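J.: Take a look at the letters that make up each chain.
Number of protein chains: 2
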Amino acid sequence: MKKNVLIIGAGGVAQVVAHKAAQNNDVLGDIHIASRTLEKCESIVKSVLDKKALKKPGIIKAHELDALDIEATKALIAKTRSQIVINVGSAFINMSVLEACIQTGAAYIDTAIHEDPDKVCETPPWYGNYEWKRRERCEKAGITAVLGAGFDPGVVNAYAALAVDEYFDEVSSIDIIDINAGSHGKYFATNFDPEINFREFTGKVYTWQNSQWQTNEMFEISRTDDLPVVGERTSYLSGHDELHSLSRNLDVPDIRFWMGFGEHYINVFTVLKNLGLLSEQPVRTAEGVEVVPLKVVKAVLPDPSSLAPEYTGKTCIGDLVKGKKDGADREVFIYNVADHEDAYAEVGSQGISYTAGVPPVAAAILVAKGTWDVHKMVNVEELPPQPFLGLLNRMGLQTSIRDEHGERDLSFDDWVPAKVEVGKLASKR
Amino acid sequence: MKKNVLIIGAGGVAQVVAHKAAQNNDVLGDIHIASRTLEKCESIVKSVLDKKALKKPGIIKAHELDALDIEATKALIAKTRSQIVINVGSAFINMSVLEACIQTGAAYIDTAIHEDPDKVCETPPWYGNYEWKRRERCEKAGITAVLGAGFDPGVVNAYAALAVDEYFDEVSSIDIIDINAGSHGKYFATNFDPEINFREFTGKVYTWQNSQWQTNEMFEISRTDDLPVVGERTSYLSGHDELHSLSRNLDVPDIRFWMGFGEHYINVFTVLKNLGLLSEQPVRTAEGVEVVPLKVVKAVLPDPSSLAPEYTGKTCIGDLVKGKKDGADREVFIYNVADHEDAYAEVGSQGISYTAGVPPVAAAILVAKGTWDVHKMVNVEELPPQPFLGLLNRMGLQTSIRDEHGERDLSFDDWVPAKVEVGKLASKR
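These protein sequence lines map, in sequence, to chains A and B.
Taking the UniProt record's numbering, the leading residue of the first sequence gets 1, the next gets one more, and so forth.
Taking the UniProt record's numbering, the leading residue of the second sequence gets 1, the next gets one more, and so forth.
Intra- or inter-copy, both count: the list cannot distinguish identical chains.
25 Å max Cα-Cα, derived DSS-like pairs, lysine-lysine:
1) K204 with K186
2) K56 with K79
3) K186 with K273
4) K295 with K273
5) K140 with K74
6) K369 with K56
7) K79 with K61
If you're looking for bench data, these hints aren't it; they were derived computationally from the structure.
The structure displayed is predicted, hence computed values, not measured ones.
This is chain A alone, in the form it adopts within the complex:
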């Protein structure tokens, strides 16, 4: 049993993580929230207390921390006696937070791949550039590190594992489709940090096709699907974190990611990109001010966390999996539908933050209880998906399926842990 959770980051996702951790503090123990800006952490603590989210009386506390400072992070882990760290800060801090966990013995959970601020779109598989280089050290030190445990990456990796385990004898393709059919009512806004959001789409699009990496341009290839609840939606072939582990851990020749965009989003993105305003290379104004254009764009856009109160509509994110079962062709879509207004009512965040913030808390609970406390570095698809998805059903993210029998919710209540050594799971799939 591990307990006491240190949440690093204080954006919209961290807000969800804090609320969900508070709702489960009987399992998770003390809750600490740390970021560069103390006031943001304090405002999350206030929101948790205002909503009376703590399941039982307990500690929830805000801290100021520069998470790039490994010694400071180690000291905070030690001072708060945190055995689990949930890193939902900027993707630039992953490696320093992981290092602090390795040196202190804390379990590490994150929701996105590490990025170097100066590099956009490195060589695939991206996990190989930073995270997986620490795999041996984690195993040697017995550190549990669950990588990419948000929704996508995260839940969609569990969907992929579930499909391979339970629905197919052989999988030929996995198409992860991410649709936000919600509306924030602003002229334009990004649902996450604009800097991270845009960086996803300014580089090459890497996808796994015919068992090798293929590159395309963003917005080059689209598909239109009639999806549960949100209806007919167009999405675009995009690069995304989960492809970089799924391609290594599953024996599936085609694994692609499709992100839904409206025409307006694409137009604004295209204008900004073509003008050079999404560049992370500094420019100098006529007055001699040196500044990164992307950071100026970020400064003029709405703060993503400000969108929540007005956000309406739903998200639909899932895995369209094709393959063979008992000799016949089969196709299933395993998915979740989340509602922006419901998310705001419960935890004060919009639906995108909600889908990203609930899963790492479910992961933390499974680590705390031992089910996922594997004492090594893993991606989500290397772990048994059923306890994770079952817990998420109870925590507000219902898993559903659409197959030849129609659409229905899935239950995992009957799942019993198999006597399978966790390290063998990946190779089994």
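Please build the complex by placing chain B on the supplied structure of chain A, with the hints as guidance.
T.: Below, chain B alone, put in the same frame as chain A:
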């Protein structure tokens, strides 16, 4: 006879001014070019010498000058013994350059209304906010100040005066239409300093209708005309300098300005404006850098002077004038067509800079010769248009007309100065 010309500014228009002044140095004398950036002035001098543009052996020299520094500007006027100053620098420096002229006795010519960097779109008439407040001082000191002597404002004001003088008994409306049917081959660029260009369209649109100021939003009202050479073109009701003097100096109830835009320009402009990236109010990045978004946009856009070599196509700018002549309704379009490639071949600038840069040199020649040396502050429509337009015909900007007899070039060779006191011209019209 006044002589020796100090050109202030070193952009695309200044380049044209320098070349045209050089081509007329038998009248204008020494030519001096001054701006904040000495290298830009030196590069213009080099371009003039490379093209052997000096009509006769003479002085052309580059100077470094902060034109907001009145004492420095006075000193440079004195040192260069310049009796005519052509100000084609930023619209922010007009008042300091004019002050230096008033104090030294030099004639002053500019091509755009003064602007305060912190204010966008002040109360009309705009000339009343800055320039016209110095009218009495100019008259008292006998200073010739010709305001707005570019193309628009400038030549279009002369077209208006010509229409009122020669083609109508009564004018009911003047619609100034400015079409750039050229192509620079870039994704997006502005033809002038982006800062000034965008400021024209971010404020309210003031027009003179029913003998009063009316306000509209930019891109709210459009018209489509079949114009000489450039064909069918859509233009949009816009605010513009010349309306602010024509409405005062001519007794015409409707005076409007229409700027041609393609859909792509409007889309990029709309995205930038709605995102707040055209704002002149500073923002602060997450890293604490304070910067004006518009200046960052300017920094990423192509330098307007870099467009010239690839620019193709033509401009068509003119006055569509309606009214009565001899009791009957009449409509004439007085216009110029300029060619981007011709402009580049002659003076190394694109057509927009060419149309803006030739007229102030024509004005300077008329001041030098005495025809326009009126020892007071005037707008172009207060001066006899025929010698100005006749000179422009010979300098590369041909005036044409389209009326009930078709399209043809106009000649002003037969014009003889009337015995009219210059100060009376405005009230006569």
